[in-house]
Amino acid sequence: MEKELLRVENLTTSFCIDDQYYAAVDDLSFAVHENEIVAIVGESGCGKSALALSIMQLHDKKRTKSEGSIIYKGTNLLNEAESKLNKVRGRHISMIFQEPLTALNPLMTVGKQIEESLHYHTDLSKKQQKAKTLTLLEQVGIPYPKRTYKQYPHELSGGMRQRVMIAIAVACSPSLVIADEPTTALDVTIQAQILDLLKDIQQKTKMGIIFITHDLGVVAEIADQVIVMYAGQIVEKGSVKTILERPLHPYTKSLLHSIPTVKKEKNRLHVIQGMVPSIAKMNRSGCRFKERIPWISVQSHAQFPRLHEVEPGHFVRCTCYKQFHFPKEGGTAIR
Amino acid sequence: MTLLKVEDIKVYFPIRGGLFHTVVDHVRAVDGVSFELQKGETYGLVGESGSGKSTTGKAIVKLHQVTAGTITFQGKDLTYLSRGEMKPFRKDIQMIFQDPYSSLNPKKRVLDIIAEPIRNFERVSVTEERKIVQQYLERVGLNPDSIYKYPHEFSGGQRQRIGIARSLTLKPKLIIADEPVSALDVSVQAQVLNFLQDLQKEFQLTYLFVGHDLGVIRHMCDRIGVMYRGRLVEEGTSQDIYKNPQHIYTKRLMAAVPDLSPDARGQKIGLRKQVAEEYKQLYSTFFDENGRAYDLKPISATHKVALP
Amino acid sequence: MELNVNTEKHGQPIQITPSGRQLIWQQMKKDRLAMGSFILLVSILLFVYSAAFVMDAEEVARINLRALHQPPSLEHWLGTDYGGRDVFGQLIIGTRNSFTISFCITLLTALIGLTTGLVAGYFGGVTDHVVMRIIDFIISLPTTMFIIVLVTIIPEFTIWSFILVMTLFYWTGKARLIRSKVLAERELDYVQASQTLGTPHWKIMFFQIFPNVSSIIIVNFILNLAGNIGLESALTYLGFGLPESTPSLGTLISYARNPDVLEHKWWVWLPASVMILVMMLSINFVGQAIKRATDARQRR
Amino acid sequence: MWKFIVRRLLMMIPQLFILSVLVFMMAKAMPGDALGGREIDPRANPDVIEAQREKMGLNDPWHEQYIRWVSNVSKGDWGVSYTHKVQVTDVIEDRIWNTVNLALLTLIFTYLIAIPLGLISGRYSDSWIDKVITGYTYIGFATPMFIFAIIMLFVFGFSLDLFPTGGSVNPTVEEGTFAYVLSKINHMILPAFSTAIVSTTVIIQYLRNEVIDNKMKDFVRTAKAKGVPETNIYTHHVLRNSFLPIAAFLGYEITGLVGGAVIIETIFNYPGIGQLFLSSVHARDFSVVTAVVMMTGFATLLGTLLSDIILSIVDPRIRID
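Chains as they are written, first to last, in the numbering used here: chain A, 1 to 335; chain B, 1 to 308; chain C, 1 to 300; chain D, 1 to 321.
Derived from the structure by calculation, the hints contain no laboratory data.
Keep in mind that the hints are not guaranteed to be accurate.
Straight-line C-alpha distance at most 20 angstroms; calculated EDC-like pairs for lysine to aspartate or glutamate [unchecked claim]:
no., chain 1, residue 1, chain 2, residue 2
1, A, Lys61, D, Glu174
2, A, Lys241, B, Asp263
3, B, Lys107, C, Asp295
4, D, Lys85, D, Glu64
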């Protein structure tokens, strides 16, 4: 096993809505190791982006509170002062965002935005910074680094912008990168390029990546470990092979059965009933998925609605998976 | 029977520039595209952003002015009809939009949204109208009592179904679905796709399905046209396209689609490298000197590829 | 299949959502300042209009040489001006005139601005280009000077010519605002949807797009109403506003152009100034509150 | 970018043409010879008047008169002032610098107030200081400038006697001395400050909204994720992006000041172009009126031109084509 990089323990992040706090990330624990890509999957509203921002502590402090611990190199980041955090952000843990156009400052050249990272975390001279920036641009596969250095974000294509974002993220050789849906806004061919690039950089530098996505195909392409989130909680956790080939939790199974893939001919897709509950209206007791599988008896949830290990490294929430079956009319789809 | 025939249509948008804001060039959004839709089938137009797939769809319903070419619907040329002359055909050709949030007017009740086409074409009493609306609402699986609600009270998937109900009220023959599920989560997406399939059977609809997700396209379509830079580069049955892609662009597209089995991972990266290499080498044989794809040439009864 | 669908039908009670107007009203009630302003404004207007109705305008306008520049007294609550006319009476009639005329100007500019803004924004292209060039040009003119010159050269100057001259220059801001909103609205799919559903252009403009820009129009209307009271009285102050037969609040303030009146006879000009301030402030507070309420609603 | 500027400059040509036609039409609608300012005695016998008009070319076809006027003006000949009995240009030259100086000082005050208040209010939004500042902007926005100016004059000019209540300089000081400059400034402070304190509120509100908008932007979050300290995020990312639209305001501010000059100069009895314009209208000195309208029209057109050019320089996104 590689060395542990980051350990999240009992993390709960709550947002203030109309003077009341509601947990968007609810008592979450997991770890990321060196040279490991952990994918966090779930539909919108499951709390995966809130988790990413919590680790970086980029939430608006007035409207959010986080409890539990986020342990990086022996210190709990939740207890650190802002100035200490600024030494960690961008240097040891950095982030890639979903929408590269808005995530880059429209009035600053690409070069300056990469150098900014170097400026705050290294002792390089101006000249060295520029040299390093040009190397970085080349490393992320930008064809004309010298020209791109002077360009503004709007002058680049979506794929190129995301490459720039990656260059910013890896500029100071961080040990952990959090990528929040980095390919969602991109076309499929560009997505493949970006995934290959990230994988390539990761293998060279042995860094850890927390990869947040809603796309199980992308998970299959890139992840080592997979965490499936539903309603702010982990519902299933395990290696990528386990989760995709031997899923247990009804939610994971349903998700896999609802995706149309290029391998399958026309067939019936499974439909998950109802909706992802909003954090303010969620029923927080017992199994949170039970409303969406009403044909499964209530008793099957009552037994043990907590996350537990069913085989080494494979964790599932609730015991309802034991009795789960797809409704007859719904999914004839078989993987 | 051929329902819709699109022949060599072009949609150019002017680029203005220079000192006097004159037209200096055109964006060739759609640059000579031809295809046919048979009654009852689902034809998929697939491509990446900027490929002109949506523009093609919108040109058929005249949301974009066609620069050249002809669009024939049931044997009648629609291309240069005025708004007034087009009106009777509006009943037959309807559209489903991509964004379920912006495609419904936030200030209108569900009743007014779904009844809008009825009010344009038919004279029915208020009670009659309400009955029709409720009937369609029920058909798309929404509570018929929700006619007085506003769009913001519904989720994305429900809104998309309201949009579908609206397009069904005129009993159209052809529906152009412009990325109808790309704004939705996977589980909701499955529901809408299942619906579209059921409705097709029930109302004998023909679909022109525009999309970028190759999984969705495969799931929905009988025949597929692959678009790239305003041109069709390959057309065929979904077997032809997915099992036997011939154009290098199609191959690159297929290689880029993520595979659900993690075991195939290493192999896929290798395949992508190989295809990228091939793409570079064969670029000049598949595209002319302007980077434009050639015209489609049949290589089998159903399969056409853009070759020189 | 049906099973999947039906679940959503149940357990959704039919709730009647409050309309936009009700929501704004609820927000307003919470805002004490805006509510106070609203009540104050309505009472001033009620008082002024009913008082002006029973008052004899000619009596107020009659020069009384025996009572020149008298300070406030029981007989003349706010004293008299240089012609011995009752300032209080003039204040009432002036307020009524100022408000009515400003309202007319605001209404006219709103109608013109709304129509041009809708047309330019909806059709875009050449139409929009031409309209915008005209608007840009009018906005970059020295408006005050043009109005003053027009007022002096128009033969037989009446209230109506004043309203028209003001409208000529002040429709542009509204047209520009509405046009930019319509331009953004037009990009939304519901407009395209209406087009594919066979809805005619004019119906799309007035029945689909208009309701979505109406809150902006209302807020802008209210703020402009306040602005126009200021503009009208400023021009009247300079002597180029309303004809002399129609005294306005600006007429009373214009007496302060005489340094002696300004320095020693505050009762002539101060009440009118305060009246304008109070009216403009309260109209603005109401407008800003509505603006905040509509913004908050859109955020949801 | 240069193409944009050249195109924008070319647009000035039709604008100037239309402006001159409008001014010409207004001048023709005025009684007498509003373009040349030559005297026609209205009491003379109609035949004499007619002969005079014929001689002056006032009965020529209008396009000939228009071309004659434009060519005269382009040579710097704006006709004669009927009241001052000198060249119109001389009358204007006496006054124009007063107006320019006053406008400059007003601009300085306006931005000196707006920038710090707008930034503080935006950065610490919803704090008590922001509430005070927004309160001020609401009131300022709703206050008609002329009433505020009158009250300021009444309080600081007359009641407290802190500032002069008219003129542009103390007539007793000698020109060219330091005291002369001081006296000039002293005369400008009250009008400039009164204008600034009201007109700046729009800019404060605008700047505040910009700062609030920008600090919510994704790129600010990116900067935070890079480890950029809060203060540097404001100085490097938020401020620059927020100033951009403010820069574009400058031109409109100038346009507004020219319009406001008529009112402010009248209230403070300050001998500038605005006051000259008004007194000339009252005195029916139409050649001066025409010239002033034409010149200020030109100045405001330049103001908007300036706005557009500044915007094209600071925003790289406009530098297309």
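Taking each numbered hint in turn, which are not upheld by the structure, reported in ascending numerical order?
-> 1 and 4
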